[in-house]
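Chemist: Residues per chain, in single letters:
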Amino acid sequence: KNEVEQSPQNLTAQEGEFITINCSYSVGISALHWLQQHPGGGIVSLFMLSSGKKKHGRLIATINIQEKHSSLHITASHPRDSAVYICAVKAGNTPLVFGKGTRLSVIA
Amino acid sequence: DTAVSQTPKYLVTQMGNDKSIKCEQNLGHDTMYWYKQDSKKFLKIMFSYNNKELIINETVPNRFSPKSPDKAHLNLHINSLELGDSAVYFCASSPGTSGGQETQYFGPGTRLLVL
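Top to bottom, those sequences are chains A and B.
Per the working numbering, the first sequence runs over residues 86 to 193.
Per the working numbering, the second sequence runs over residues 337 to 451.
Any given hint could be a false lead.
Far from chain B by the CB rule (all over 10 Å, computed), these chain A residues [to be verified]: (1) Glu-88; (2) Pro-93; (3) Gln-122; (4) Ser-135; (5) Thr-147; (6) Ser-190.
Covered stretches of chain A, going by a simulated chain B footprint (3 or more residues, C-beta under 8 Å) [unchecked claim]: (7) 105-118; (8) 126-134; (9) 174-182.
Honestly, the hints are just simulated from the structure, not real lab data.
Where a beta carbon is used, it is the ideal one built from N, C-alpha and C, also for glycine.
Let's have the full structure, built from the sequences with the hints guiding it.
Modeler: Okay, structure coming up:
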């Protein structure tokens with residue numbers, strides 16, 4: 086059974102700071118997702134990756150398959166980045182398994 | 337304009353009632369999902385349908401019955417509602433059949449409260 090652990094659980098940052106959120110999983114996977122859940126509840130898919138690195142605006146996602154670890158980075162953080170960030174992994178024929186999320190608050 | 341829509345947004349009901357939540361996607365996707373997010377904000381898949389056929393059913397009580405009249409719709413009917421069913425239910429869709437190997441598009445969620 087795949088376990089997905091995210092750290093930290095909660096994170097408070099000052100506007101402009103560089104932020105890193107981590108995700109570790111226990112078994113080999115075929116894909117890893119990063120999702121953003123806004124304070125209002127809506128969920129948006131940020132990235133899906135199976136190797137290397139992806140970048141979209143101020144967001145960067147990396148994955149290390151050997152170490153079973155992924156990071157989500159936010160550069161020049163802004164209060165509008167405040168949200169819950171959720172990692173989810175796909176392994177074999179099993180459905181997506183989700184982490185418990187990291188709650189990020191960016192203070193102006 | 338909305339890619340994945342759900343109705344209703346909020347649902348408050350008494351224990352023992354039967355209720356339905358509807359989901360529609362206008363993205364032309366082949367696969368649709370239902371997820372449950374509990375009070376601790378933990379997301380878990382309930383069902384997945386591909387072209388109107390059930391492909392994932394994750395240990396969900398029989399009181400929950402998904403129905404897919406066509407590939408753009410996946411409705412969730414819940415019989416004999418219990419207090420523990422209170423949660424936010426998210427519908428999602430993805431283009432093909434690879435499930436978790438594709439980007440999924442989520443609906444806005446339906447907040448269900450069972451009293």
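Chemist: Hint by hint, say whether it matches the structure.
Modeler: Here is how each hint holds up against the structure:
no., hint, in the structure
1, Glu-88, "13 Å, holds"
2, Pro-93, "15 Å, holds"
3, Gln-122, "8 Å, violated"
4, Ser-135, "8 Å, violated"
5, Thr-147, "18 Å, holds"
6, Ser-190, "15 Å, holds"
7, 105-118, "holds (count 3)"
8, 126-134, "holds (count 6)"
9, 174-182, "holds (count 4)"
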